[in-house]
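Student: If you read the protein sequences in the order shown, they are chains A and B.
Using my numbering, the first residue of the first sequence is number 1, and each one after it goes up by one.
Using my numbering, the first residue of the second sequence is number 1, and each one after it goes up by one.
Since the hints were derived computationally from the structure, they do not count as laboratory data.
Ideal placement from N, C-alpha and C gives every residue a C-beta, glycine not left out.
Take these hints with a grain of salt, some might be off.
In silico BS3-like pairs for lysine-lysine, Cα to Cα no more than 25 Å straight-line [to be verified]:
(1) A:K240 - B:K23
(2) A:K286 - A:K218
(3) A:K12 - A:K71
(4) A:K98 - A:K146
(5) A:K98 - B:K21
(6) A:K68 - A:K12
(7) B:K72 - A:K98
(8) B:K72 - B:K95
(9) A:K98 - B:K95
(10) A:K71 - A:K98
(11) A:K146 - A:K288
(12) A:K32 - A:K146
Residues of chain A placed beyond 12 Å of chain B at every Cβ, according to the derived structure [as the list claims (entries may be wrong)]:
(13) E20
(14) N72
(15) G130
(16) T154
(17) Y233
(18) H289
Derived, one-sided and incomplete: chain A residues facing chain B with beta-carbon distance under 7 Å [said to hold, decoys possible]:
(19) V45
(20) L48
(21) A49
(22) S113
(23) E115
(24) V129
(25) W131
(26) R191
(27) S195
(28) Y196
(29) V199
(30) S200
(31) K218
(32) N219
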Amino acid sequence: MSLAYYPGCTLKTRARNLEEPAVASMEALGFKLDEVPRWNCCGAVYSLADDDLIHQVAPVRNLIRVKKQGKNELVTLCAFCLNTLKRANLLMRQDVAKRDTLNAFIDEGIDYSGEVKVVHLLEVLRDEVGWAALSQKVKLPLRGLKIAPYYGCTLLRPREIAIDNVENPTILGEFLKALGASPVDFPESTRCCGSYQVVSSPGDIAEYTRPILNSALKNGAEAMVLTCPLCDYNLGRGQKELAKKQSGFREMPLLYFTQLLALALGLGPQVCHFELNHGSPESLLKEKHLLSQVESFQPIGGQK
Amino acid sequence: MTKQVPVTISPKRLRREFVKKVKELSGQNLQLCYQCGMCTGNCPAAANMDISPRRIIEMARLGLEEEIADSKTVWICASCLACAVNCPRGFDLAKVMEAIRLLTLRKNIDHVRPEDIPPQERCDLPQIAMVSGLRKFTG
Ligand code: SF4
Ligand code: SF4
Ligand code: SF4
Ligand code: SF4
Numbered sequence: 001m002s003l004a005y006y007p008g009c010t011l012k013t014r015a016r017n018l019e020e021p022a023v024a025s026m027e028a029l030g031f032k033l034d035e036v037p038r039w040n041c042c043g044a045v046y047s048l049a050d051d052d053l054i055h056q057v058a059p060v061r062n063l064i065r066v067k068k069q070g071k072n073e074l075v076t077l078c079a080f081c082l083n084t085l086k087r088a089n090l091l092m093r094q095d096v097a098k099r100d101t102l103n104a105f106i107d108e109g110i111d112y113s114g115e116v117k118v119v120h121l122l123e124v125l126r127d128e129v130g131w132a133a134l135s136q137k138v139k140l141p142l143r144g145l146k147i148a149p150y151y152g153c154t155l156l157r158p159r160e161i162a163i164d165n166v167e168n169p170t171i172l173g174e175f176l177k178a179l180g181a182s183p184v185d186f187p188e189s190t191r192c193c194g195s196y197q198v199v200s201s202p203g204d205i206a207e208y209t210r211p212i213l214n215s216a217l218k219n220g221a222e223a224m225v226l227t228c229p230l231c232d233y234n235l236g237r238g239q240k241e242l243a244k245k246q247s248g249f250r251e252m253p254l255l256y257f258t259q260l261l262a263l264a265l266g267l268g269p270q271v272c273h274f275e276l277n278h279g280s281p282e283s284l285l286k287e288k289h290l291l292s293q294v295e296s297f298q299p300i301g302g303q304k
Numbered sequence: 001m002t003k004q005v006p007v008t009i010s011p012k013r014l015r016r017e018f019v020k021k022v023k024e025l026s027g028q029n030l031q032l033c034y035q036c037g038m039c040t041g042n043c044p045a046a047a048n049m050d051i052s053p054r055r056i057i058e059m060a061r062l063g064l065e066e067e068i069a070d071s072k073t074v075w076i077c078a079s080c081l082a083c084a085v086n087c088p089r090g091f092d093l094a095k096v097m098e099a100i101r102l103l104t105l106r107k108n109i110d111h112v113r114p115e116d117i118p119p120q121e122r123c124d125l126p127q128i129a130m131v132s133g134l135r136k137f138t139g
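Just need the whole structure built from these sequences, with the hints factored in.
Tutor: Here you go:
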């Protein structure tokens, strides 16, 4: 089965370790992630101002291309993309006047009124594959791996676009269980990592990430699972700084959910691109016998 | 964290104009807020703000434009929506923060200039950071 798929810019460069294991895993599960033709960057953040239609053009144009592709569902991997595309889609469904203005301006030859359903890959795994069916496909159960599921903001807020219960999300925990891993609940799993503040106040990122990382560690996590390249960057940068500042602070591997999926499906470490991770998972995966002793990958250097 | 704000009373007409613009851009009814402080309590950035999110609303509805412009609060907001999902009045404070940012950015006054980001940072930051940061901090 083929699914329309929107990668977004970061997944083609710095976050190939989010995309490539996803494409390979979905293939192993019988789905082809079919990239939207001529997609453009969605703009990353949804415009919050009522009169700002120009910034809706980028996400809406992507949605129109999905319709032209003949699909009625669009799969995203990056939590930011999901948020921006899903909110723009909601606008096209709900606001007739803005919809007309945008359709007239974009001029793609067809009109669009929000008919595409925007989903996150986790929802495909939950609703179309199913946790039970997924766990049956697991070849290398991630047994003994204690992982903190970190949601961040954009999968869950605002309420209208949440992929799960806003206050008590379980989707990542259930995903981990299906792979044989042990999810570690921690109270700060939906707290913001600082987001784009890293551009204007890079010095504050360690403080944004401190409560998140400390809470996961305190609850016994050995690694953290993520869905967003910005979370990955901020948490990676934050924990490097905290390791210098806070005595006894331990850095932990940060992994994308798609890397764990590919690993559990037995697709091997190459497709996971662990060398792009912030905080190498190599020794942890070896300790848990999820990686053979001879395999090794060079983590990216110079990350602060 | 909290700073005392000396209130200068600008002409009533200007204050009314400011309140009107914030309402228009945010689409929020400022009178809905009953100042319970749930937003501040849930804000991950409140500790870095000189004026708390709750007080920004009160000041916005009083039309205290200069005082708000002097504060760094709206530039510290990460649009994480923790305030919005926890507000018992269904008020979307993140939209008010955005409206106030835009009132500055639309005067062509950028909060971050790309050329001021050190070259090493520019190489290091992933696109998702650059795109979102420049969308939020430039006009
Ligand atoms: S959210 Fe980001 S990475 Fe995702 S497409 Fe938009 S800007 Fe690019
Ligand atoms: S980058 Fe921060 S702002 Fe984003 S989703 Fe992740 S936690 Fe939220
Ligand atoms: S939580 Fe809502 S009602 Fe309470 S102070 Fe904040 S905006 Fe006002
Ligand atoms: S959106 Fe802004 S004000 Fe609201 S909780 Fe997040 S950082 Fe604080």
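Student: Each hint should be assessed against the structure and marked as holding or not.
Tutor: Each hint tested on the structure:
no., hint, result
1, A:K240 - B:K23, "violated (42 Å)"
2, A:K286 - A:K218, "holds (23 Å)"
3, A:K12 - A:K71, "holds (22 Å)"
4, A:K98 - A:K146, "violated (47 Å)"
5, A:K98 - B:K21, "holds (19 Å)"
6, A:K68 - A:K12, "holds (23 Å)"
7, B:K72 - A:K98, "violated (32 Å)"
8, B:K72 - B:K95, "holds (16 Å)"
9, A:K98 - B:K95, "holds (18 Å)"
10, A:K71 - A:K98, "holds (23 Å)"
11, A:K146 - A:K288, "holds (10 Å)"
12, A:K32 - A:K146, "violated (30 Å)"
13, E20, "holds (16 Å)"
14, N72, "holds (27 Å)"
15, G130, "holds (28 Å)"
16, T154, "violated (9 Å)"
17, Y233, "violated (5 Å)"
18, H289, "holds (32 Å)"
19, V45, "holds (5 Å)"
20, L48, "holds (4 Å)"
21, A49, "holds (5 Å)"
22, S113, "violated (21 Å)"
23, E115, "violated (25 Å)"
24, V129, "violated (27 Å)"
25, W131, "violated (26 Å)"
26, R191, "holds (5 Å)"
27, S195, "holds (4 Å)"
28, Y196, "holds (4 Å)"
29, V199, "holds (3 Å)"
30, S200, "holds (5 Å)"
31, K218, "violated (18 Å)"
32, N219, "violated (19 Å)"
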